[in-house]
Amino acid sequence: NGNIPVLFVEGNGLAEAWEKSLISLYKDGCDIKTEYDKQEDPPSKDCTMIITVKNPLEEPMIHQDMPGGLENLQEYVLEVIEGIKDHLIRNSADDKKDTRWEYTYHQRLFDYSIPNVKEIYNQIELLSQKLAATPYTRRAQAITWKVWDDNFCADPACLQSIWCRILQDSENNWILNTNVRFRSNDAYKAAFMNMFALTQLQLKIAEMISKYSGKEIRLGRYVHQADSYHLYGSYLDEFEKRFMSALETRKFEDRCFRYEDVKFIMDQSIPAIREKASKMGRSD
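Taking this note's numbering, the leading residue of the sequence shown gets 70, the next gets one more, and so forth.
Be a bit skeptical, because a hint or two may be false.
[What the hints assert, rightly or not] Straight line, CA to CA, 25 Å or less: simulated SDA-like cross-link-like pairs of lysine to any residue:
hint, residue 1, residue 2
1, K332, E322
2, K332, F321
3, K199, N248
4, K258, G137
5, K273, A201
6, K258, L126
7, K258, P225
Hints are computed from structural coordinates only; laboratory data are not their basis.
Could you build the full structure based on these sequences and the hints that come with them?
What follows is the structure, given as structure tokens:
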């Protein structure tokens, strides 16, 4: 009927919610072409997806069918939260000979810059300060889009915004609610890593608000909205044979890792990841 479906899923934890989103997309998404298709590729499965993770820290947190391994996941978390790859961003979108990255999420969120404006904006700090001062404010958000760059570059930012607000529960605990919006999100090959890293960022935001306010801030629900949440036709066969078939052969618990069980592995990898990232893109 020409309408892109809007799908809603909810899970107690991160792994459960992501898995449900893939099942819903596969079953109820529409078929549509993408700008990356080869001639022989089938169309992608696509929808507008809204995922609610009721408790982002509930175990099991990590789905085994995420792209890459545990060290890759830790590397991505450090990329988003610490900016270990910010030096890979090219100096100017106008310099076509500079083939480095257009952006990192860390740079857009923590070091947002505007041409001919001296000030650099740490949006996460500003967001945290706003919520520390006024927990119920509706103005605490961080954006990534740069109109002057992203409308014209080959690889515009997929993550668009992070919005937070605090509500007290029945026991007067301060609960941080977070909404994240993507314009485009590869459901199978990227979304889980995005969601895991951004819930770790949610945890960091809670810690920053606590520092500024002197109050304990707990994590509330995380909502992940993607305008285009898609499975590419190029890997649909792999998805069916690997992800969908595992639903029939393994229990949910066997398809996941408990973060508390593997955190030491991820933590041990951090020094090597930082060293590797520091050498990326450098000729000396």
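Tested hints:
Between the alpha carbons of K332 and E322 the distance comes to roughly 17 Å, so the proposed pair stays at or under 25 Å and holds. A distance of roughly 20 Å separates the Cα atoms of K332 and F321; the hinted pair therefore holds under the 25 Å criterion. A C-alpha spacing of about 16 Å is found between K199 and N248, which places the hinted pair at or below 25 Å, so the restraint holds. At roughly 9 Å between alpha-carbon atoms, K258 and G137 fall within 25 Å of each other, so this suggested pair holds.
Taking the CA atoms of K273 and A201, the gap is near 14 Å; set against the 25 Å cutoff, the hint holds. A hinted pair counts as satisfied when its Cα atoms are at most 25 Å apart, and K258 with L126 qualifies at roughly 22 Å. Our distance criterion of 25 Å between C-alpha atoms is met by K258 and P225, whose separation comes to about 18 Å.
Of the numbered hints given earlier, the model fails none.
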